[in-house]
Structure formats: C-alpha cells, structure tokens
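A.B. asks: Protein sequences appear in the order of chains A and B.
Residue 153 in my numbering sits at position 153 of the first sequence; the count goes up by one each step and never skips.
Residue 1178 in my numbering sits at position 178 of the second sequence; the count goes up by one each step and never skips.
Fair warning: there could be bad hints in the mix.
What the hints assert, rightly or not - Stretch by stretch, here's where chain A covers chain B in the computed footprint (C-beta under 8 Å, at least three residues):
1) 1171-1179
2) 1185-1196
3) 1201-1208
Stated by the list, open to error - Listed next, the in silico DMTMM-like pairs over lysine to aspartate or glutamate satisfying Cα-Cα at most 25 Å (straight line):
4) A:Lys3 with B:Glu1194
5) B:Lys1203 with A:Glu169
6) B:Lys1203 with A:Glu234
7) A:Lys196 with B:Glu1194
8) A:Lys196 with A:Glu234
9) A:Lys228 with A:Asp77
10) A:Lys118 with B:Glu1205
11) A:Lys119 with B:Glu1205
12) A:Lys111 with B:Glu1247
13) A:Lys65 with B:Glu1194
14) A:Lys140 with A:Glu127
15) A:Lys118 with A:Asp76
16) B:Lys1144 with B:Glu1303
17) B:Lys1203 with A:Glu167
In case anyone wonders, no lab produced these hints; they're calculated from the structure.
Beta carbons are placed, not taken as given, at the ideal position from N, Cα and C, and that holds for glycine.
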Amino acid sequence: MAKSIDVADLNIYYGDFLAVEGVTIPIAARSVTAFIGPSGCGKSTFLRSLNRMHEVIRGARVEGKVLIDGQDLYADDMDPVNVRRMIGMVFQRPNPFPTMSIYDNVLAGQKLNSKRMKKAESDDVVERSLRSAGLWTEVKDRLDRPGSGLSGGQQQRLCIARAISVEPEILLMDEPCSALDPISTSVIEDLIHELKTQYTIVIVTHNMQQAARVSDETAFFNLSGVGKPGRLIEVGRTEAIFSNPQEPATEAYIQGRFG
Amino acid sequence: MSTTQATRKAPPVRPGDRVFAGLSTGAGILILVILAGVGIFLTAKGIPGILAKPDEVKSGQHFLPWVWPLVYGTLIAATIALLIAVPVAIGVALFISHYAPRRLGQIFGYLIDLLAAVPSVVYGLWGIQFLAPHMVPFYAWLNKHLSFIPFFGEPSATGRTILTACIVLAVMILPIMTAICREIFLQTPRLHEEAALALGATKWEMARLAIFPYARSGIVSAAMLGLGRALGETLAVAMVLSVTAGEVTANLIGSSNPSTIAANIALNFKESTGLSVNALIASGLVLFIITFLVNFAARALVERRSEFSGAN
Chain A
1 MAKSIDVADL NIYYGDFLAV EGVTIPIAAR SVTAFIGPSG CGKSTFLRSL NRMHEVIRGA
61 RVEGKVLIDG QDLYADDMDP VNVRRMIGMV FQRPNPFPTM SIYDNVLAGQ KLNSKRMKKA
121 ESDDVVERSL RSAGLWTEVK DRLDRPGSGL SGGQQQRLCI ARAISVEPEI LLMDEPCSAL
181 DPISTSVIED LIHELKTQYT IVIVTHNMQQ AARVSDETAF FNLSGVGKPG RLIEVGRTEA
241 IFSNPQEPAT EAYIQGRFG
Chain B
1001 MSTTQATRKA PPVRPGDRVF AGLSTGAGIL ILVILAGVGI FLTAKGIPGI LAKPDEVKSG
1061 QHFLPWVWPL VYGTLIAATI ALLIAVPVAI GVALFISHYA PRRLGQIFGY LIDLLAAVPS
1121 VVYGLWGIQF LAPHMVPFYA WLNKHLSFIP FFGEPSATGR TILTACIVLA VMILPIMTAI
1181 CREIFLQTPR LHEEAALALG ATKWEMARLA IFPYARSGIV SAAMLGLGRA LGETLAVAMV
1241 LSVTAGEVTA NLIGSSNPST IAANIALNFK ESTGLSVNAL IASGLVLFII TFLVNFAARA
1301 LVERRSEFSG AN
C-alpha cells in the first residue's frame, strides 16, 4: 500500500483549451500534500488528472507523464477504471449513494471489484473501514439505515470509509471540508493525520490554515489571467511555504494580499 | 394579556398569492371532480348491465362469466407489452442520455418523440398488414421448439394473435416511456455519477450504482403511464387481434384469442342496444378499477422504499 506519485511536465487540455500547463511535482508515499491557490487556477483539475477523473468531461486529454511508483497512469494499455480502483477520491460535497444503506455504501467499491465475500468477511471490511474513518461508534447500531440520513460531516466520513474500504494506494481529497462546519472539519483533519500512516494523501483546499495544519508539503497554483492556463508556482515543505515562500505571488496569496 | 390575542392583526394577504393559491387548488379539485364524474357515470350506467339476466343481453351470459375473458385478455396483453417495452425503453433512454455522443442523442430523442405522435390506427394497420404475416414463421418455430411451455400452443395461420397485439402495444408505449426515462436519467446528480466512477465503476456499473437507483420511482411512473395506455388501447388491438368470444387460453400464438375490454367496447358498441350497452359500460367500469388498482400498487411499491429514494 501507499505509493509515490511523480508528475513530469503535465499539460491538461479540455478540447483545445489548455487548462493546466507544465506541472512537475514529486509526491512522496505516506505524506500529505496540499494544493492551494485561487479559484480557477487548475488545482482541482490537476487533482482529478491524478486518477483520470477529469476524463468524465468530453474532450479532456493530457500531455506528459504521471507515474505511480514508476507505472505510467496514461500508458496506452492503462484502463481508467483500474486507475480509479487503485486511487480513491473524496469529493467536495459528501456523496454517499442515497439508495444504499450505510453498510452497502462502505462495500460499494468492494462489490465493483466483484469480490465474492462471506458475510463475516464483509462485516470485517465494514467495521475496519468505518473505524479508520472514525465513524464506527456513531453508526454501528444503524448500519442498515440510509447513508443520506447522517449529518454532513458523518456523510463525508462515510465517503472516506467507502474510499478506503478497497485499500487504495492513494487518496485524493477535493476540498473535503468546504461543505462542513468547523467541528466536523477538525474531525476530518484529525482523520487525515491518522490516515497518512497508511495512504498517500493529496488534498485540495481553499483554507490555508487547513493546509498548514494537515499537510507535509504544500503546492501553490496560480494563473496569470482569465483564459490563461493554471501553473504550479511553488512547491515545498509546508513550514517553508508558509514562513518563507520563494515566490512573491505565493507570499502575496498566503498573506491575503492577492491580485 | 388575553386581549392581545383577540386583537392581534392577521398578516397581510397578498393578492398575487391568493389568486395563485385559488388557481392551483381549483385545478386540483377539477381533477377530482372529473374522476368522480367518470366514476359515477360508469357506476350508474353499469349497474343495470351487471345485474342483467343472460336473456336480456346480446352475449347471452351473466356479467361475470362474460367479462372475465375480457379482463384476462386485457391484463395479459398489457402485462406482456410492458415486459417487452420496459427493458427496451430503459436501454434506449440510457443510450441517449449516457452513451451516445450528444448530437446523436439529441437526434435520437427527437425521433422517439416523433414515434409518440403516430396515431394508433397507423400502428394497427402496420400490425395487421406487416407484423402479423411476418410473425407466422416465428410462431411456427416457437410452437415446434418450445411447445412444452403452455404459451406456445397450436400456432395461428394469420399471425393475428395476442402476442402480435402485445408487440404492437409495446411499440406504441415505447416512446412515452423512453422519453420519461431519458429525462430522469439526464437528471442524475453529477455527484453520484462521479462517486461511482471514482470507485472504479465502468459505465454500466455506474448506471447500476448511481443512475437506476436514483431513477427508480421515475421508471415506475413511466411504466405506469405505458401500462395505462396499454390497458386502454382500443383501436390497434381491435384491428390486429383475431378474437373468439369467451376464450381464456394460455396460448399466446393461437388463432382464437380473448379480446380486451377496450377493444371489445369499440367493436360492439354500435350494434348494441338497451342492457347490452349497460353491460359494455360496466366492463368499462371494471377497466377503470383495474387501472386504479395497478396505479395504487405501483405507488405503494415506490413508497415502501422512499427512505432510500435519494429525495432526502
């Protein structure tokens, strides 16, 4: 489990539009890397290119390489379905399957992998995943209830449980706390700390305190103007980025003097 | 303190709200009035037909033994038509909404809508002139190889069987069901689709995980609309089906078939007088009740799992 990511000179296009240009970034295994930057700077697009989720938009394509422990995600024989089974994702808004119980939500990924599991085995997976997501004690008595009946923060942790139940190599989080209240947010941040011992985590956030709290490395994305491609401006140790940024744009953004 | 309550002013009523509330309530009540009107008419005119003695009506039978084959024919024709049409409608709708390139999907959707505008007499002509003769060899094959299933007994030489009528009905109810399913599939929240894809679902698995559960009640509604049309369809069935009065048979491909209530009314209404007319109206009442029961059952089915519907 837990693999490193190496991105080399990646361009992401939607049709003819170059959305993200020339990103080169190494991401170590078992670390938390935060992407920060203004809206529209391409950080979410870049995150989605790490498990080929950006391809749900027609005309999306990339140039360059994304290597997961040396294996190219965009090799010709690579099936995006397999990529996504290896790299889990948590979205901005909690999205448990509304027609499924909590139990079935956690197992949704397992069922796709068409594993036939005995009842005891799937019970184990559900308990382990929900414990890892810090949700077990809250829901253990109502596993057969719909997932949509939980609070927003609980739903998001259910989505994390669903993502990690298949034991992915990497966990991508696209602003996982932006729809949550501060208490739920802090629960999820604690969870990220625990999860990084097992997974490589990449998180997009608009909240700079959050980036400072949870991440080991921080990458700052920016774009030079409307209609221009987003670029990676600077990446480094989180303490260094926040205390002593090398680029003036990074400093301006972190200090709130932006634009 | 008690006086304050008596003198407290009511919040102001805005005229726009009032007019709109009146209009929408009125529209709602109108539906009930129409339904009640039809129900009362059918009941009042039908009861004499139900009570008529065998020698007073053209059929020469008591009401129940007379109407039973018609009920049987109606139910079996509508059910089989639905069984044929639902999977096709879901498949076509899914193709339009999620598989076809956007342009092609739009053109396809437009064509389906056009199909809905074809009048039923045209479907009837097509059924009797084209479909029925072309089905004859197929029926012979079914009888030869699958005659151990009671549905495929002695085949008809004309092809004007209940199965042919079912296929015509299925084609007729396909457009409306496809159109509704397509609209619902298109409204599947992006969030749920992405949740499935991010877990590594293929397109078909995504449909099963995200689209179908979300669209469930809509699919049931679409099926009910289709079933309603199939139950009540008159002309196409009357044209296609070669009817033997009073027949109740499991054989779907034979030459003697039960009629349906609606087709039977259409075929016999002109030549009927007196209590025979009342008997026909009573059979209409039976159809009315069947439609009601089917709709209630469908609603109950959807309601039973409303907690998991995704609406909350």
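A.B. asks: The structure should be examined with respect to each hint, and the outcome stated for every one.
C.D. replies: Here's how the hints hold up against the structure:
By the rule of at least three residues with a Cβ nearer than 8 Å to a Cβ of chain A, the coverage given for the region 1171-1179 of chain B is violated, with 0 such residues. With 7 residues bearing a CB less than 8 Å from a CB of chain A, the region 1185-1196 of chain B meets the requirement of three and the coverage assertion stands. Three residues within the 8 Å Cβ limit are the bar, and the region 1201-1208 of chain B against chain A gives 3, so the coverage statement holds. Taken as a hint, the lysine 3 (chain A) and glutamate 1194 (chain B) pair is honoured in the structure, with Cα atoms around 23 Å apart against an allowance of 25 Å.
With a CA separation close to 23 Å, the supplied pair lysine 1203 (chain B) and glutamate 169 (chain A) stays within the 25 Å bound. For the hint pairing lysine 1203 (chain B) with glutamate 234 (chain A), the CA-to-CA distance comes to about 37 Å; that exceeds 25 Å, so the pair is violated. Of the supplied pair hints, the one linking lysine 196 (chain A) and glutamate 1194 (chain B) holds, its CA atoms being roughly 24 Å apart against a limit of 25 Å. Distance check on the hinted pair: lysine 196 (chain A) and glutamate 234 (chain A) sit about 23 Å apart at the alpha-carbon level, within 25 Å; holds.
Restraint check for lysine 228 (chain A) and aspartate 77 (chain A): not satisfied, since their Cα atoms lie roughly 32 Å apart, outside the 25 Å limit. Taking the CA atoms of lysine 118 (chain A) and glutamate 1205 (chain B), the gap is near 21 Å; set against the 25 Å cutoff, the hint holds. Between the alpha carbons of lysine 119 (chain A) and glutamate 1205 (chain B) the distance comes to roughly 22 Å, so the proposed pair stays at or under 25 Å and holds. Taking the CA atoms of lysine 111 (chain A) and glutamate 1247 (chain B), the gap is near 49 Å; set against the 25 Å cutoff, the hint is violated.
About 24 Å separates the Cα atoms of lysine 65 (chain A) and glutamate 1194 (chain B), which keeps this hinted pair within 25 Å; it holds. A C-alpha spacing of about 8 Å is found between lysine 140 (chain A) and glutamate 127 (chain A), which places the hinted pair at or below 25 Å, so the restraint holds. Distance restraint check for lysine 118 (chain A) and aspartate 76 (chain A): the Cα-Cα separation of roughly 36 Å exceeds the 25 Å cut-off, and the hinted pair is therefore not satisfied. At most 25 Å may separate the alpha-carbon atoms for a hinted pair to count; lysine 1144 (chain B) and glutamate 1303 (chain B) exceed this at roughly 44 Å.
For a cut-off of 25 Å, the pair hint linking lysine 1203 (chain B) to glutamate 167 (chain A) stands: about 22 Å separates their Cα positions.
The structure fails hints 1, 6, 9, 12, 15, 16 (numbered hints given earlier, in ascending order).
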